[in-house]
Amino acid sequence: MSSLLAAAPVLTTAEPTGIDAAISDATTPVADWITSIVFFSVDVGGASLPLIVVWLIVAAVIFTVYMGFLTVRGFKHAIDLVRGKYSNPNDAGEVSHFQALATAVSGTVGLGNIAGVAVAISLGGPGATFWMIMAGFFGMSTKLVECTLGVKYRNERADGSVSGGPMYYLEKGVGKVTGSHAFGKVLAVAFAIFTIGGSLGGGNMFQSNQATAQIVAVTGGESSIFADYNWIIGVIFAVAVGAVIIGGIKSIAKVTEKLVPAMAAIYLVSVLVVILFNLDRVLPAFGDILTGAFNPTAVAGGFVGVLIVGFQRAAFSNEAGVGSASIAHSAVRTKEPATEGYVSLLEPFIDTIVVCTATALVIVISGAYQDEAASELGGVALTSAAFETVIPWFPILLAIAIVMFAFSTMISWSYYGMKAVGYLFNDSTKAEFVFKIVFVIFTVIGAALSLGPVIDFSDSMIFLMSVPNVIGLYILARTVKRELKQYQVKLATGQIKEYDKAGQVVN
Amino acid sequence: MTHDIVVGVDTSEASRRAVTWACDLASVPRPDGWTRTPEPAPADGSGETSPEGDPVSEQRQESDPAARVLLCHVIPWSPFSFTTNEENERRGSRREAELKAAQEQVLEPLEKLAVDRGTSVSTVARHGDTADVLAAMARGSGAGLVVVGRTGDSSKLRARILGSYTSELAQHCPVPVVVIP
Numbered sequence: 231m232s233s234l235l236a237a238a239p240v241l242t243t244a245e246p247t248g249i250d251a252a253i254s255d256a257t258t259p260v261a262d263w264i265t266s267i268v269f270f271s272v273d274v275g276g277a278s279l280p281l282i283v284v285w286l287i288v289a290a291v292i293f294t295v296y297m298g299f300l301t302v303r304g305f306k307h308a309i310d311l312v313r314g315k316y317s318n319p320n321d322a323g324e325v326s327h328f329q330a331l332a333t334a335v336s337g338t339v340g341l342g343n344i345a346g347v348a349v350a351i352s353l354g355g356p357g358a359t360f361w362m363i364m365a366g367f368f369g370m371s372t373k374l375v376e377c378t379l380g381v382k383y384r385n386e387r388a389d390g391s392v393s394g395g396p397m398y399y400l401e402k403g404v405g406k407v408t409g410s411h412a413f414g415k416v417l418a419v420a421f422a423i424f425t426i427g428g429s430l431g432g433g434n435m436f437q438s439n440q441a442t443a444q445i446v447a448v449t450g451g452e453s454s455i456f457a458d459y460n461w462i463i464g465v466i467f468a469v470a471v472g473a474v475i476i477g478g479i480k481s482i483a484k485v486t487e488k489l490v491p492a493m494a495a496i497y498l499v500s501v502l503v504v505i506l507f508n509l510d511r512v513l514p515a516f517g518d519i520l521t522g523a524f525n526p527t528a529v530a531g532g533f534v535g536v537l538i539v540g541f542q543r544a545a546f547s548n549e550a551g552v553g554s555a556s557i558a559h560s561a562v563r564t565k566e567p568a569t570e571g572y573v574s575l576l577e578p579f580i581d582t583i584v585v586c587t588a589t590a591l592v593i594v595i596s597g598a599y600q601d602e603a604a605s606e607l608g609g610v611a612l613t614s615a616a617f618e619t620v621i622p623w624f625p626i627l628l629a630i631a632i633v634m635f636a637f638s639t640m641i642s643w644s645y646y647g648m649k650a651v652g653y654l655f656n657d658s659t660k661a662e663f664v665f666k667i668v669f670v671i672f673t674v675i676g677a678a679l680s681l682g683p684v685i686d687f688s689d690s691m692i693f694l695m696s697v698p699n700v701i702g703l704y705i706l707a708r709t710v711k712r713e714l715k716q717y718q719v720k721l722a723t724g725q726i727k728e729y730d731k732a733g734q735v736v737n
Numbered sequence: 265m266t267h268d269i270v271v272g273v274d275t276s277e278a279s280r281r282a283v284t285w286a287c288d289l290a291s292v293p294r295p296d297g298w299t300r301t302p303e304p305a306p307a308d309g310s311g312e313t314s315p316e317g318d319p320v321s322e323q324r325q326e327s328d329p330a331a332r333v334l335l336c337h338v339i340p341w342s343p344f345s346f347t348t349n350e351e352n353e354r355r356g357s358r359r360e361a362e363l364k365a366a367q368e369q370v371l372e373p374l375e376k377l378a379v380d381r382g383t384s385v386s387t388v389a390r391h392g393d394t395a396d397v398l399a400a401m402a403r404g405s406g407a408g409l410v411v412v413g414r415t416g417d418s419s420k421l422r423a424r425i426l427g428s429y430t431s432e433l434a435q436h437c438p439v440p441v442v443v444i445p
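Those protein sequence lines, which keep their order, are chains A and B. Be aware that the first sequence starts at 231, since it is given in the working numbering, and climbs by one per residue. Be aware that the second sequence starts at 265, since it is given in the working numbering, and climbs by one per residue.
Certain hints may be false.
[Unchecked claim] Computed list of lysine to aspartate or glutamate pairs in DMTMM-like fashion (alpha-carbon distance at most 25 Å, straight line):
(1) A:315 x B:360
(2) A:415 x A:713
(3) A:565 x B:360
(4) A:488 x B:396
(5) B:376 x B:288
(6) B:376 x B:277
[As the list claims (entries may be wrong)] Negatives, chain A to chain B, calculated, CB over 10 Å:
(7) 305
(8) 419
(9) 451
(10) 457
(11) 496
(12) 501
(13) 527
(14) 629
(15) 667
The hints are simulated quantities; they were obtained by calculation from the structure and are not laboratory data. All residues carry an ideal CB built from backbone N, CA and C; glycine is no exception.
The following block holds chain A by itself, in its conformation from the complex (with noise of 0.2 Å):
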């Protein structure tokens, strides 16, 4: 999803006047002092340094060095999960690995990978795609960690539907392990605010927000016929989602989950071309990124500054560490936890090392950044001039991609925020639906603002949710060891049944 784009233009749309202006100047001041904290940063080498990325990528390269680089290791293993290699047929109906990662994966992948990557590059120059993938392989530990507790410390009801997520391992995991289960409890309460916080958000506002200004883009920019009816674009969306999680009209969610791996598959498709086009370039391109990653030159804070630039990027971009995903992962059906903790993994490699390196290679080799006017427009702007390069019409495929990612992180973000209302009270089905009208609210605050408060507020709140999650993820890390360690003692020694096309066992 979210890519979070703090401090940085992505779209910019005209001045909000009349009922946007009205709804922009009520809530600016509330979520610029959020902000404000959430993003306390320090300076190194002239780079602005936020705590908060800190506090992520420390944790991604602790637990992969903690779970000793299983996510270089257990990669094979976690693809041979999804192809189906280890379920057993007799399971067949329930929820497979491969739908797991979809879900959750469908819910990463958008705005951040197509605009997020392109911030990154403006600022930083071709080499901050280096650091993004670097942070991306270590997100993939984080991942990890998260989703196999996600698994572990679910709770199944006896109608057969499960409930997973941070919830529920910071308050029965970290209350097992510490021996306080009143500090369990705090963290978990902690999270679900801020779950419903990065709900409407990141989630919600952000995307409605970068989708609205997305179709007043291409229809004509500030001559548009929308250009001063944002909330008019809102209601619309609103309306979509509210079908969706009010109505509970299928058929809006079910078109939307098969158009998303569509665009996704169009979209990677469109950098092939680009670079099928650009041969000759790519070999360069490969160069810039390298050495742009060591040496950069005109970067602000040099060396540190590019590096800053590249992990803030990924850590917005993939959600490691913000324990969504551990949410979407649990309603799996699995015996042992560890297999979705391997097949997270691949999340951050998808959303990261593949998605935004192929977004990253297109602005590289079309040397569309280096145009001044095109690094100036920065987001989906600059991406979008990248692809123009070779594809005239592509802005428009883009637009649509965008309004289908932003519509579908939306529905998956708003699950998230429903869960965390459900477990604040005790899945009272009252306060989800009170908390499903709120959302649609949301939508439409989130097209009629300027682009700035949205941003900011979106990045506090998803990033706030790492703060009790991560703590949590540290007190577990060695209960997940040890249900990593179980699992692949099982899978050497064969407990671990594999079977083949039939549906025979053939180990």
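Chain A is fixed; fit chain B onto it per the hints.
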């Protein structure tokens, strides 16, 4: 391989004909000395049979070498489809409900049909791709034949676009496939 027969069934008329045909075949004496001794229908007469076959029925084959019929209903499902979080959350309970509905609405009426004809019958409902599951069932149970009705539940248009599962089954199945019109 045995003379047992796997019958792929749904709610169609062709499925009824397939079951009837399979039951008749099961009662035919075989050249290798297998004869069918008619026996009263077992009291319980239902329940899932493990595809591997259980020791009790292996023994019975010597005294009562009747070919058995396995009625199999496949609920269309793919592990590689795209789902939403809400669907995933309730998938477990929905799966149970789907299996129950398959048992009650599809398998039980056809099972009764077979029992009435004095056939030794068992039933199974499973999620997956129809052709794949039927082929796997034949392989797993050691059955010597798969019988399916021709039309099935899917419409002509659907069959035109997606191809019919019967032709797919014929291509993948390890044993002969009989299609009943």
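Outcome of the hint check:
{"no.": "1", "hint": "A:315 x B:360", "in the structure": "holds, 23 Å"}
{"no.": "2", "hint": "A:415 x A:713", "in the structure": "holds, 23 Å"}
{"no.": "3", "hint": "A:565 x B:360", "in the structure": "holds, 18 Å"}
{"no.": "4", "hint": "A:488 x B:396", "in the structure": "holds, 24 Å"}
{"no.": "5", "hint": "B:376 x B:288", "in the structure": "holds, 15 Å"}
{"no.": "6", "hint": "B:376 x B:277", "in the structure": "holds, 15 Å"}
{"no.": "7", "hint": "305", "in the structure": "holds, 20 Å"}
{"no.": "8", "hint": "419", "in the structure": "holds, 22 Å"}
{"no.": "9", "hint": "451", "in the structure": "holds, 34 Å"}
{"no.": "10", "hint": "457", "in the structure": "holds, 34 Å"}
{"no.": "11", "hint": "496", "in the structure": "holds, 15 Å"}
{"no.": "12", "hint": "501", "in the structure": "holds, 21 Å"}
{"no.": "13", "hint": "527", "in the structure": "holds, 44 Å"}
{"no.": "14", "hint": "629", "in the structure": "holds, 22 Å"}
{"no.": "15", "hint": "667", "in the structure": "holds, 17 Å"}
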